[in-house]
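With the hints as your guide, set chain B onto chain A.
There are 2 protein chains.
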Amino acid sequence: MSEKFNITVIGAGHGGKAMAAHLALMEFPTVLYNRTADHVAAIKELGGIYLESYEGGPRGFGNLDLVTSDIAEALEKAKMVMIVVPSSAHADIARSCAQYLTDGQIVILHPGRTCGAIEFSKVIRENGCTADVTIAEAETFVYASRSDGPAQARIFRIKEAVPLAALPANRNHLVLDKIHQVFPQFIDGGNVLQTGMNNMGAIFHPALTILNSGWIESTHGDFQFYIDGVTPSVARVLESLDRERVTVAASIGIRARTGMEWLKLSYDAVGEDLNEAIHNQPGYYGINAPPTLNHRYIFEDVPMSLVPIASLGQRYGVAVSGIDAIIKIASIIHRTDYWRRGRTIEKLGINNLSTDELIHYVQEGVLGTA
Amino acid sequence: MSEKFNITVIGAGHGGKAMAAHLALMEFPTVLYNRTADHVAAIKELGGIYLESYEGGPRGFGNLDLVTSDIAEALEKAKMVMIVVPSSAHADIARSCAQYLTDGQIVILHPGRTCGAIEFSKVIRENGCTADVTIAEAETFVYASRSDGPAQARIFRIKEAVPLAALPANRNHLVLDKIHQVFPQFIDGGNVLQTGMNNMGAIFHPALTILNSGWIESTHGDFQFYIDGVTPSVARVLESLDRERVTVAASIGIRARTGMEWLKLSYDAVGEDLNEAIHNQPGYYGINAPPTLNHRYIFEDVPMSLVPIASLGQRYGVAVSGIDAIIKIASIIHRTDYWRRGRTIEKLGINNLSTDELIHYVQEGVLGTA
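Protein sequences, first through last, are from chains A and B. For the first sequence, position 123 matches number 123 in our numbering, and the numbering has no gaps at all. For the second sequence, position 55 matches number 55 in our numbering, and the numbering has no gaps at all.
So here's chain A without its partners, still in its complex pose (with noise of 0.2 Å):
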């Protein structure tokens, strides 16, 4: 039950950072990779990473077995593959591992945003990858951690409930079997289509950072974000992008949580719409807007999140016209189609699936065309 095996984490930002020394702090033989070795330099000069948290949460030094920026060579030993980088970047990592993975490895996206499993899952396949890996993903990260120096991290807080799930999902038990030994916080997520449907982010980030677009960049986001950010009109637009996310979920059968019953049940926030429950969820209090409209807020929840969602809308035939013009305006924003850079389902291979072939699909991980 408490055996320890080998885990490689991927990507060495704010997250990735946090997780590698808790897990080297949890006595997990860990190995860390990042692309650029650079950015890795000082921890593998030390050997291992300083970490401190919250009162009565895990500190210390946390030794790791490797710190590399080989690709092979951090999946080597790997039981646990644990991807913490931006999902923007998530089919460039799928390249880089495809003609590295073996058989019995599970990996999983810290969080996938929207049909980031299907899309790894297609990336690694199509470069070459015929090994049995099992991919899965978690609808939201499961720390909120900070990089306190190159090879500092801090944990402010482990969130205590988090869904998981692999594709198929006929495979969750055997990636919750597994995690649990080193976090028991995930909980069964259902399937992908769940856990990607249910990510908040698609509708609290871009359009709170459109709505105040010129604020951001006048002060360099020197305002609170969710508390002056989030006013009743910006609310309705939030509340509207919401009814058409939970709809479209809707069209492929998932039951989504709604914007207020997610933080209901994240934060105890409640109120008599969602204007109201983000100024009753007290830790909005002091968090500030990004300092540029050159942030993930954008241009990671845009195509990742927002783009996957209209898509499933248009072929499943829910109106999505108000994330389409976030989409619209983000994309004039940056000066680039977000459209065109983010997961459409023709991109993800699949368009052609009816809804009950897309959940067959899901559920079996088998890809029948009718």
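It should be emphasised that the hints constitute simulated quantities derived from the structure, not laboratory data. One or more hints might be untrue.
[As the list claims (entries may be wrong)] One side only, chain B facing chain A, incomplete, derived with CB under 10 Å: (1) 210; (2) 233; (3) 241; (4) 293; (5) 322; (6) 334.
[Said to hold, decoys possible] From the derived model, a few chain A residues whose C-beta atoms are all more than 12 Å from chain B: (7) 88; (8) 122; (9) 272; (10) 316.
Everything numeric in this text was worked out from a predicted model, so none of it was measured. The beta-carbon is built from N, C-alpha and C at its ideal position, and this holds for glycine as well.
Same frame as chain A, now just chain B:
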């Protein structure tokens, strides 16, 4: 040449009061109409309006011939009817006027926004007007003015050159000859598609408001609208909408001015891009944002400016997805369907026209369908 003909001003807001007072001071027999009698009770009691203005500008007490809420009485003697109401009220005014308009009268919309004259003409015909009336529209309002009290008005500036066009355009000279006896500032605007497509508020007002939604509602507009609210990303959206507008204009044979050209022409403000040019317009400094999102920058400019531009674009094959995104978000914010409420080509009765027929219509007034 200096015959003092009868003029009726419809609307007693910031603009209508200033115009009525100014006309009266120029000794034109002037009638002021407002639908709501209460709104003009003070003026009626005094028998006129006190006008203040810039140094050297018109000032004094303008004696009105009549102040009324009876449209029949208001129109009875008028040679020229000045419609000085938000464009979202044009259709209602047209319905009220229809039966009382008489041969030879000139009706001018100050301003028409986009397709105002086309809408007005259609509505009066549909409501039983058979008189030979000439409808015209100004590209913008001739004054910058404000109401200073119940019977007080103030003119800050009289614009130097305001394009004006009649429907049909072959009557431009007739309208200009007449109005030049009052306002030498009006110039030939080509045709009503030109005045309508050069409507700069369509580009500057709704998107700038929406991209500052949180800031406006959090501070009640306590920041400089153009100076703080326009930032590089916001300007990029305005530029993109502006390109769509100019492209729609080109698709119907109109060479519309770009936002940059308009800033140069109107204010001699130039720059590398729209962001710079706007910040190089000294007149924008000190102008605060609207205090609320419940403002004509959305409820007037979206249905009466953006919708007709987008509708023409869709008809003649121009991509208008940026404008469409703004219309959609405005619709969500105000919980209404601005497409349904707006001036679509179907509502304007010009949906079956080829571009040649459309030009023929605005030039000659003949609604021929192929």
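Quick check: which numbered hints come out false for this structure? The structure conflicts with no hint, since it agrees with every one listed earlier.
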